[in-house]
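Colleague: Chain order of the listed sequences is A and B.
Our numbering numbers the first residue of the first sequence as 33 and each following residue consecutively.
Our numbering numbers the first residue of the second sequence as 1193 and each following residue consecutively.
Hints listed in this document are in silico derivations from the structure and should not be mistaken for laboratory results.
Mixed in with the good hints there might be a few duds.
Claimed, not checked - Cβ-Cβ distance ranges computed for the label pairs, FRET-style:
1. A:D103 x B:Q1195: 44 to 54 Å
2. B:S1199 x A:Q45: 35 to 45 Å
3. A:E132 x B:N1230: 13 to 23 Å
4. B:S1199 x A:V92: 22 to 32 Å
5. A:V44 x B:S1199: 45 to 55 Å
What the hints assert, rightly or not - Calculated from the model, a selection of chain A residues having no Cβ within reach of chain B, i.e. all distances over 10 Å:
6. T35
7. E91
8. A98
9. L115
10. Q133
11. F134
What the hints assert, rightly or not - Derived contacts from chain A toward chain B, CB cut-off under 8 Å, selection only:
12. W39
13. P40
14. L43
15. R69
16. Y81
17. I85
18. G86
19. F120
20. L127
21. Q129
22. R130
23. E132
24. F135
Just so it is clear, CB atoms sit at the ideal spot from N, CA and C, and this is done for glycine as well.
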Amino acid sequence: SQTIHQWPATLVQPVGSPLSLECTVEGTSNPNLYWYRQAAGRGLQLLFYSVGIGQISSEVPQNLSASRPQDRQFILSSKKLLLSDSGFYLCAWSLHQRSEQFFGPGTRLTVL
Amino acid sequence: GIQVEQSPPDLILQEGANSTLRCNFSDSVNNLQWFHQNPWGQLINLFYIPSGTKQNGRLSATTVATERYSLLYISSSQTTDSGVYFCAVGTGNTPLVFGKGTRLSVIA
């Protein structure tokens, strides 16, 4: 069966520091991968998605970037964090765009 | 892009009550999912239901794609049903678009 991992689970970082969040999927090949952010409140905002190694689509302009160095690894990065980057970051995978999407446990980021 | 509206935004139920959550969308879809976000933030898949009706225990869902809505039914609610329920839809080869959710509180 497939599983999705995210780390770290929680993170507190100062403004201006770099960021690296990692997401890995096990039990499948060539998945579509997604990064979402959920700010205080309820909505999920799609940040990036990837249909293959090195292929990244950005949904919104922001202080973040994403990379996919391996088939089942998706990394969210920032060179300098802003206060507004605080939130709950969720990684997800699916076999393709039309298939069921599954989420990881998330990383709760606080920028002080 | 496609618009997704969920109603009601908030719902308070007595334990044992039934409820219906609604998701309206503005375009044809080929992907529709219902999720439950528990108090710890985990998004749990409830249904993958671009059309038709499915049931899983006390939960069931119906999507009427031609009329652009989906309904999630919760029967005999329990306190563990509390959390936020999201509807998300996809069209063509675009990623899922999420509604703003329905926050459900079940009181013992």
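Colleague: Each hint needs a verdict: does it hold in this structure or not?
Modeller: Structure-based check of each hint:
Checking the proposed 44 to 54 Å range against D103 (chain A) and Q1195 (chain B) shows it is violated: the Cβ atoms sit about 34 Å from each other. The hint said 35 to 45 Å for the Cβ distance between S1199 (chain B) and Q45 (chain A), and at roughly 37 Å that hint holds. Taking 13 to 23 Å as the suggested C-beta distance range, the pair E132 (chain A) and N1230 (chain B) conforms, at roughly 19 Å. In this structure the supplied range 22 to 32 Å holds for S1199 (chain B) paired with V92 (chain A), their Cβ-Cβ distance being about 26 Å.
Between V44 (chain A) and S1199 (chain B), the C-beta spacing of about 36 Å breaks the proposed range 45 to 55 Å. Listed as outside the interface, T35 (chain A) is consistent with that label: its C-beta sits roughly 13 Å from the nearest C-beta of chain B, beyond the 10 Å cut-off. With 10 Å as the threshold on Cβ separation, the claim that E91 (chain A) sits away from chain B is violated: the shortest Cβ distance comes to roughly 8 Å. Separation of A98 (chain A) from chain B is adequate, the least Cβ-Cβ distance of about 13 Å exceeding the 10 Å criterion.
In this structure L115 (chain A) is separated from chain B by more than 10 Å, as the shortest Cβ-Cβ distance comes to about 20 Å. For Q133 (chain A), the condition that its CB be more than 10 Å from all CB atoms of chain B is violated, with the nearest at approximately 6 Å. F134 (chain A), annotated as away from the interface, has a beta carbon of chain B within 10 Å; the closest lies near 6 Å. At its closest, the beta carbon of W39 (chain A) sits 15 Å from a beta carbon of chain B; the interface hint therefore is violated under the 8 Å criterion.
At a threshold of 8 Å, the smallest CB-CB gap from P40 (chain A) to chain B is about 14 Å, leaving the interface hint violated. Look at L43 (chain A): its Cβ only gets to about 14 Å from chain B, farther than 8 Å, so that hint breaks. Annotation: interface hint on R69 (chain A) violated; nearest CB of chain B at approximately 12 Å, more than 8 Å. Interface hint status for Y81 (chain A): upheld, as the beta-carbon distance to the closest one in chain B is roughly 5 Å, under 8 Å.
Given hint, I85 (chain A) at the interface with chain B, is violated; its Cβ is 18 Å from that chain's nearest Cβ, farther than 8 Å. Violation of the interface hint for G86 (chain A) is found here, the shortest Cβ-Cβ separation to chain B being roughly 18 Å, above the 8 Å cut-off. At a threshold of 8 Å, the smallest CB-CB gap from F120 (chain A) to chain B is about 6 Å, leaving the interface hint in force. The interface hint given for L127 (chain A) is violated, since its Cβ lies 12 Å from the closest Cβ of chain B, which is over the 8 Å cut-off.
Against a cut-off of 8 Å between C-beta atoms, the interface hint on Q129 (chain A) holds, since the closest Cβ of chain B lies about 5 Å away. Hint on R130 (chain A) holds. Least Cβ distance to chain B is approximately 5 Å, under the 8 Å limit. Given the 8 Å rule on beta carbons, the hint for E132 (chain A) holds: about 4 Å separates it from the nearest Cβ of chain B. For F135 (chain A), the suggested interface contact is upheld, since its CB lies about 4 Å from the closest CB of chain B, less than 8 Å.
Comparing the model with each numbered hint stated earlier shows that hints 1, 5, 7, 10, 11, 12, 13, 14, 15, 17, 18, 20 do not hold.
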